[in-house]
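Whenever a hint applies, use it, and build me the whole structure from the sequences.
Number of protein chains: 2
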Amino acid sequence: MSPVPGPRPGGRSARIQQAVHASTRKLLQERGRAEITVPMIAADAGVTPSTIYRRWGDITEVFADVAIERLRPETPPRETGSVRGDLVAWAQEYLEEMSSPVGRDALRDIVMSGDEARPDNDTKQNKCAGFCRIQIDTILHRDESFSATPGVTERVIDHVVAPIVYRILFDQDPLAEDRIEALVDSALDAAVHA
Amino acid sequence: MSPVPGPRPGGRSARIQQAVHASTRKLLQERGRAEITVPMIAADAGVTPSTIYRRWGDITEVFADVAIERLRPETPPRETGSVRGDLVAWAQEYLEEMSSPVGRDALRDIVMSGDEARPDNDTKQNKCAGFCRIQIDTILHRDESFSATPGVTERVIDHVVAPIVYRILFDQDPLAEDRIEALVDSALDAAVHA
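In order, the protein sequences belong to chains R and Z.
If you read the first sequence in full-length UniProt numbering, its first letter stands for residue 1, the second for the next number, and so on.
If you read the second sequence in full-length UniProt numbering, its first letter stands for residue 1, the second for the next number, and so on.
Keep in mind that the hints were calculated from the coordinates and are not lab data.
Bear in mind the structure is a predicted one, so any value in this text is a computation, not a measurement.
Honestly, I wouldn't trust all of these hints.
Pairs count within a copy or across copies, as identical chains cannot be separated in the list.
[Claimed, not checked] Below are the DMTMM-like pairs computed for lysine to aspartate or glutamate, each with C-alpha atoms no more than 25 angstroms apart in a straight line:
id, residue 1, residue 2
1, Lys26, Glu97
2, Lys127, Asp137
3, Lys26, Asp105
Next up, the structure:
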């Protein structure tokens with residue numbers, strides 16, 4: 001699907017990004033990523049290949065850029081009435097999304113991105129980790145007994161996010177969903193006893 | 001460095017693998033991986049490019065294959081007198097190796113490998129996870145109060161291996177080494193209270 005015509009915020013540069021993203025997503029639905037080339041994306045998006053090379057460097061960065069947009073959270077985490085419940089609900093959704101073929105490919109595309117040498121350190125990998133941090137922080141700030149304890153967010157990342165992502169990338173099977181409650185408890189216990 | 005001349009176990013096929021690995025390692029020391037091509041490896045290894053394409057498919061699989069050989073453990077984990085101590089020592093070494101530039105590249109090369117569709121499911125990612133499992137199992141079998149409890153290995157993977165790998169791949173900084181003892185304790189506590 002080509003982007004909807006009409007003016008968009010950010011001008012020409014934003015329009016190019018949107019067109020390239022839309023064409024990449026469309027091509028990814030039609031064929032394997034190994035078959036997709038920069039000239040194919042350029043032709044579909046109505047830009048020149050050199051525009052893409054100049055802006056993204058290579059196709060790996062285009063895929064990673066599209067992956068980041070897929071993973072960017074659109075809503076704050078669901079409220080269930082308790083921090084523990086909110087974390088469990090968020091982690092279950094995160095596991096479900098990330099262990100789908102689209103989620104797994106997005107994680108791999110982000111790992112493959114090679115822009116880690118950029119001076120601002122704002123790599124695709126950091127952005128992806130940052131999305132989780134923001135959602136977890138939002139949950140913890142709903143209850144000051146957690147938000148006032150330093151390091152809880154990092155513990156949730158170590159005990160909950162890391163095993164979800166590690167098993168998707170390295171293991172035959174994703175994390176079993178019924179493990180999530182125990183992992184959230186480990187993160188919160190560790191926080192309480194820190 | 002070319003492989004040492006002389007007969008090796010496995011015959012022609014093993015010799016080709018060894019030569020291609022050695023040339024890849026040598027080229028990786030000399031230049032960035034984005035500059036390395038299959039014809040360059042072939043020329044250095046004294047094989048034809050089509051031999052490499054036929055056996056590995058593409059350069060991503062050559063890099064992943066070399067990465068697997070780098071990560072294959074050469075010795076059993078160090079004995080310190082206790083399972084907790086052995087796990088802490090092993091995890092500290094694993095963190096140190098994996099967070100070096102060579103270790104990080106090896107992890108990324110393995111994630112990039114696309115051979116997950118192979119019928120035996122023996123993907124590079126599974127192999128990499130398997131190396132950790134074997135080392136952790138070896139440690140746990142030194143004390144039957146742990147080896148007799150089901151699922152302890154998986155808990156060590158969730159609570160110790162996963163955060164080490166996740167932070168290397170996604171975060172600006174690797175896991176702080178002084179977090180390892182607490183993570184090992186989480187894994188063993190969870191095992192005891194399971």
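> So which hints don't hold here, by number, going up?
Replying inline: none
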